[in-house]
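Colleague: Chain residues, written in single-letter form:
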Amino acid sequence: MKFSQAWKLALQSILGSKMRSFLTMLGMIIGVASVITLLGLVTGVTNYLVDQFADMGTNMVTVSVFPTDTRKVEVEDIYNFAKEHDDIFIGVTPNVTANYTVKNGSTSMTTSVIGAGEDYLDINTMDLSSGRFIQYADIANRYEACVIGTYVVNELFDGKVTLGDTVKINGKIFTIVGIQEEQADSEEGSKDDRIYIPYSIATRLSQSSDISSYTFATTNTDYSDQAKELLDNYLYGIMKNEELYQVISMTELLDVINQMTTMLSAVLGGIAGISLLVAGIGIMNIMLVSVVERTKEIGIRKSLGAKKRDIMSQFVIEAITISTTGGIIGIILGSIATNVLGKAFGIEAAPTTGAILLAFGVSAGIGICFGYMPANKAAKLNPIDALRSE
Amino acid sequence: MISEQIYDKTKVPLIQLIDIQKIYKMGSTEVRANDGISLEIMEGEFVAIVGKSGSGKSTIMNIIGALDVPTSGQYILKGLDVSKMKNDALAEVRNKTIGFIFQQYNLLTKQNLLENVELPLLYAGIHKRERKQLAMEALERVGIEDKWRNFPNQLSGGQQQRGAVARALVGKPSLILADEPTGALDSRTSRELLDFLKQLNEEGNTIVLITHDRSVAEEARRIVTLKDGKITFDGAVEEYRKQVLL
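So the protein sequences, as listed, match chains A and B. Take 201 as the starting number for the first sequence in my numbering and just add one per residue. Take 3 as the starting number for the second sequence in my numbering and just add one per residue.
Same shape as in the complex, but just chain A:
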């Protein structure tokens, strides 16, 4: 008997009891849809997180120091260290960030004020639309210069600002020496909602004399591990205690995120996979019932010359048809659910090809595996006994 014929028989039988077939499929539909939706959402979240971190720069290594009375790291030492290893590091900048009230005349806003070193621009691969960035001289002389982001320009200056204008940051007057090029559509809270000032002044504004955090940029992402090791050794030499400093490279963080989300998708996928297993058992159950109900039919077919493989393929194909039809409906519903939920959560989630192939493969596989046992039972029936049954 040809495959097309066996398939036609399977369809006839499935359509012959629509409600039962649908209920059998339902398990498959739910299982497949949940696998696809969960994996799609996890992938969406992963991409979102990775994007966020990649925006910060994957070649960054952040150092935090917790100084004691006797042991501390001077800014100069850090700069010198970066210069010594300029084959690895593009540069370094201290991180002194705080939120302050900023005023232009009577207009005021709160924004993030970043104390930057002269390398900050290179490290963060930023550009200016006009003017210059904070320079070494500004830092050394504690000159009250600032570079402002486009959101600040829009908010404080109504979009029109000239170099040399001044702003008041926490009550101190700063001269605008540069304007940052727009980076994120001038949105509130974005990289455009910032003011850069010399770090030497920032430490004063924050009334803490020590700088506790630095960001190094490596010349190449591949150097991250090497850079981390160098910094570890260097800082251990000064602080003599691993507890007093911390070196985190962005690639390391990305690895951790990837590990976590991979684990998350494995766990969620596994849970959804259990529902696929249950669906498979449901199909097997129905097929077993179907074999018993159709004993007479099997007997008739056998008496007319159906071989073992004919009966076998009829039932296996029926099981596969049920499971893959359920699988396809599940894929469609799962894809819709992924997009809808993704939008609701504000992430870009799409069903992954991997998840779709996996779900389809598993559903077809379940049809074969769980259809085999009932089909085998049917194929093994003795034609005489089968004919005699009612």
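Quick caveat, the hints were computed from the structure, so don't treat them as lab data. Take the hints with a grain of salt, since some may be wrong.
Here are some of the chain B residues that sit facing chain A, going by a computed Cβ distance under 7 Å [to be verified]:
1. 64
2. 70
3. 90
4. 93
5. 96
6. 97
7. 102
8. 108
9. 110
10. 112
11. 121
12. 122
13. 125
Glycine included, every Cβ here is placed at the ideal spot set by N, Cα and C.
Following the hints, position chain B against chain A.
Modeller: Structure of chain B alone, referenced to chain A:
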């Protein structure tokens, strides 16, 4: 397929049963359903096998119909030794050589009449178009070609049995095996069916009819009676009538 071309089929019997024994084990006791049956049926014969229930006629019908194999003895059908065949080989013998007519018609309820008649051809691997044509021819032969689209539950008992006959004929089998074919029919349709079987026999078909009903058996030309798994009579219908009268 375990097959041996043992005889030249033009000169030898179509069916040759040699000392057939069929023993069923029921717990510790053995039931000898067939106890040394030997029988030859030539091509073109119309034989009725008669017996009460428990006489072993169903068992011998299963063996002749290649639905079962004997415990011992040899069954040669159309020159092939069927008695040692495995399931799939038996299926092929049933498909190619035997046309069954059952008491309960045994049509598939979810398939229409045409699809039912096509079934043996389907398992013979015959192509769709030819299948349809042969099945329609068979339905014309039994005179219900206009009902081909109907499902069995839309047909009368007589029409269903005709459908079953068409299904038995469609593969042009060497042997038509009818198991209590009139059992579920009223007297008028029974008469029609028996006349049709006679006609088929006159056209050269070999027919073996299994029945418990003497009047039905007497429609055949040769009668074999069974009792307790053994043949008690084997001869022409005229002789049988005489014996019954005695």
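Colleague: Could you run down the list of hints and mark each one as holding or not?
Modeller: Tested hints:
no.	hint	in the structure
1	64	holds (5 Å)
2	70	holds (6 Å)
3	90	holds (5 Å)
4	93	holds (5 Å)
5	96	holds (5 Å)
6	97	holds (2 Å)
7	102	holds (6 Å)
8	108	holds (5 Å)
9	110	holds (6 Å)
10	112	holds (5 Å)
11	121	holds (5 Å)
12	122	holds (5 Å)
13	125	holds (4 Å)
Checked against the numbered hints given earlier, this structure breaks none of them.
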